[in-house]
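Trainee: Now for the letters of each chain:
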Amino acid sequence: MTVEQHRNGNPALLSVTGLVKDFPVGKGLFGTRGVVHAVQGVSFSLSAGETLAVVGESGCGKSTLARCVLRLLTPTAGKIMFEGIDITDAPASQLRPLRRDAAMVFQDPFGSLNPRLRAASIVGEPLREARAGSRSDIEARVRELFTEVGLNPEHLSRFPHEFSGGQRQRIGIARALALHPKLLVCDEPVSALDVSAQAQILNLLGDLRDELHLSYLFITHNLDIVRRFCDRVLVMYLGRVMETATVTELFAAPRHPYTAALLAATPIPNPRLTRARGRTPLTGDPPSPMSPPTGCPFHPRCPRAQQRCRDEVPPLTPSGGSHSFACHFPLESAASR
Amino acid sequence: MPTGDRTDHQQRDAAGVPLLAVRDLSVDIDSEDGVVHAVDHVSWSVRRGEVLGIVGESGSGKSVSCLSLVGLLPQKRTTVTGSAVFDGVELLERSEEQLDSIRGGQIAMIFQDPLTSLHPLMSVGAQLLEAVKLHQKMAKADARALAVEMLARVGIPDPAHRMKAYPHELSGGMRQRVMIAMALINDPAVLIADEATTALDVTTQAQILDLLRDLCARANSAIVLITHDLGVVAEVCDHVVVMYAGRVAESGTVEAVLERPSHPYTWGLLGSMPSVDAKAARARTIGGTPPSLLGPPSGCRFHPRCPYVMDVCRQEIPPLRGSPDGDDTHATACHLNVARLRQGAEQASVLSTVQW
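Going line by line, the protein sequences match chains A and B.
Residue numbering for the first sequence follows this note's numbering, beginning at 55 and increasing consecutively.
Residue numbering for the second sequence follows this note's numbering, beginning at 8 and increasing consecutively.
No lab work stands behind these hints, which were simulated from the structure alone.
Errors might be hidden in some of the hints.
[Stated by the list, open to error] Examples of chain A residues lying across from chain B (beta carbon under 10 Å, computed):
| id | residue |
| --- | --- |
| 1 | 113 |
| 2 | 219 |
| 3 | 251 |
| 4 | 253 |
| 5 | 275 |
| 6 | 277 |
| 7 | 325 |
| 8 | 336 |
| 9 | 338 |
| 10 | 342 |
Ideal Cβ positions, reconstructed from N, Cα and C, are used throughout, including at glycine.
Chain B with its partners taken away, still in its complex shape:
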């Protein structure tokens, strides 16, 4: 697609200014059983034209951290601290009204389950038009034309006819495409896709991932992709943040994190992937289950499951520091010394190339 004139945005990008920068984000949620420390001092950023992957198991805080940015958590019960700067604006200080104009407009979200996120009693067209009406002043006929065009762009055949369809008349892949069309209809600068392809078949997933990458490149927007699938990350992301129990375990470019992983949790995740070591009789598993965030473990939160645990891990929180590969965008939060990390990274990278 033509790049046209260089805009302010593009000049800022050239200077390396991120479009969305999250610093020291913490989220505490009050529950019946006590305070859940869902997210603890998490930082990441994403630039235009870039896809950031946030990986982790359920309960790692990946969804909560993104929901907190756009004020989608129950306000009375949550405490959000830190900072999230979007295009020069601090999101965490916005009022509900100001967030309303940003949500679905400049920052759009795609949720995991397209059947429950679409209104079952409204036609697809009506839901798309509602999204346009909230954020753009446009004649009805123009809005309609835009909606039809969006449906066509996300690969829905016979879009004019499909405008009248209700969600239950569409297949899972089609519904997810409608969700994407709805998220993209207002030309968002940031798209947050929360497990957007998890419920889909692999062939449909491949189509949707291609679509997201293409849109990211064409519209020069930023995508935050929340997933638990390292294969999906390898496929579409530029950078990746690995989260465990509300904290960042490791972050860096996709090449760095997946080819030179330097956190025992990432090693475990890669070893658990069934594809990784097909000839081994057993998958290398991470023993145990993720901790409860009501009373998370002291020190490094991964220490009860870590095969390399030392005394210091139980007492001190490991800071996020440069990884042993010397790549300054690659950071790891682990107490192991450089030699051990390097050794583990070699083993894990061998694993991730076996068989393919």
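Isolated chain A, as found in the complex:
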């Protein structure tokens, strides 16, 4: 099914409007010293079966966004609808359906599994927590999940340290799938793995998407993975959306200078192409989200910045289809090239 069909046919599985998350810093006797504006007014929607990538450098707010969506954090402002239900401020007691229908796969396969539990208890934990059947039902389901993610059911009683990194990530995925979720939020699921294990895990996630009709919110900084694995992309910088488009559109003709810089900085494993490409690397680091620059947050590093960028925050404007970008002086579109 294509992205367009989803958009026209199915109602959004997840829709986020104007999401804001601030963190107070240095809270103490004398009040707060400042506020980190981690996410500043992000909106997007995700249909059933769709994979949306959220990309950006560290500190751009992509993980905070993911945690807000799953209500592991309570947003400061904005609205989150999951399957048509407003979950923005829902108390924990009303989040049970969300906990069943949405699950998370974490980045670090070493830190996200309890080292003292056997693999079977780790994978079975959500089932026990949700009281999803008798002991033998749960055992059978755990066994089934193990096979589904390509682990050997003989290893059910092993501890996490007895598995390789890739296998541990499979355990994390099995745990996330335990309650038949509709949405998987994957926060850098393969960045801690070796190249060959990365490819294996991505293939597994792709197969699961087809078989179980899953939707993914895929947090990553790796544009190569976005290109091969995702349908649509949200490019974030300092808590704001800089550009959003389908993967094909974004890679063919990025309109925001930041997206273009990210693409140019991604290494290509071909010496001739990579050296012929040439590039002007971005200078400096992203500014602190405690005191973001005025106007466009990207202007201090932007090669096209002008006075207007320092004064006005560019709004996210659509440019036909699903492509939108927030820039006063965008790069040329594919049509005019």
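Position chain B against the provided structure of chain A, taking the given hints into account.
Mentor: Just chain B now, kept in the frame of chain A:
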């Protein structure tokens, strides 16, 4: 940068003498479970002004081989054999004191994680000055000026002020730059960068890689870049050594290895790169996981994962010999016959150009 007078070094380079030459290096490490054969008869060399990439997955022996050169492995538990000649001096026979004067001086290292490699309770300036004091006789004011200059050279804004900063006050990219400044402050002839950009964002990585290449060209030093990212290799390296389970699978110029790869493991690595075949529904993966080096597989260590495995692969270790492309600097350790290697190389090179 001006080349100035031709020095001894440069004359030696012209004659093709490598600055650092590793021959038949083997490293065995005693562990609780037995002896780990981490590195097995590995050879490579690097000349001045050259960047050598060592690629492999975790546990392939790429870091251990470099640590063993400068005596940074626990001595009581490791056996290092072979030879490593640096500028005419055999490194493996040096005493601890002699190595102390080489490490951080003529041979410097940058480690992967800049947060754990910097001292959290010392200011950046104090750590830089310590590095200078160990290797150069210099007045304190001069050393300070040198430290500030180094920080400026690696692209840290407001360097004089940053001297007082502690590591936790700096971003990841800044910390990595401090590590590089510290490694370069004594003008090393060889810089070993172990996954120096892996923890960084792509934009910062691009800046650091440009910086390394620039320094290599300007100071005419040699860089050994340990990485698992073939994209990084394509970007900055001149030569590359592909390691698998402690042995060299393939080596040669970057053009040869990435455009005419002739080892099934290299084909697999290139196929696993997500960028490579974007239109294919699935990545071509290498099945299974790297072997334990406590009891590595017999014969070719890649044979349990190799799709082209033959009987001979299980019994005999394939020697490193010339690749089928006829390039005499390009070597492959594989039992497949020339026709098969050539065919695979064609397929893999098609893969690596798709989409870009």
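Trainee: None of the hints should be skipped; say for each whether it holds.
Mentor: Here's how the hints hold up against the structure:
| no. | hint | in the structure |
| --- | --- | --- |
| 1 | 113 | 8 Å, holds |
| 2 | 219 | 8 Å, holds |
| 3 | 251 | 7 Å, holds |
| 4 | 253 | 4 Å, holds |
| 5 | 275 | 6 Å, holds |
| 6 | 277 | 7 Å, holds |
| 7 | 325 | 4 Å, holds |
| 8 | 336 | 5 Å, holds |
| 9 | 338 | 7 Å, holds |
| 10 | 342 | 9 Å, holds |
In terms of the numbered hints stated before, the structure departs from none.
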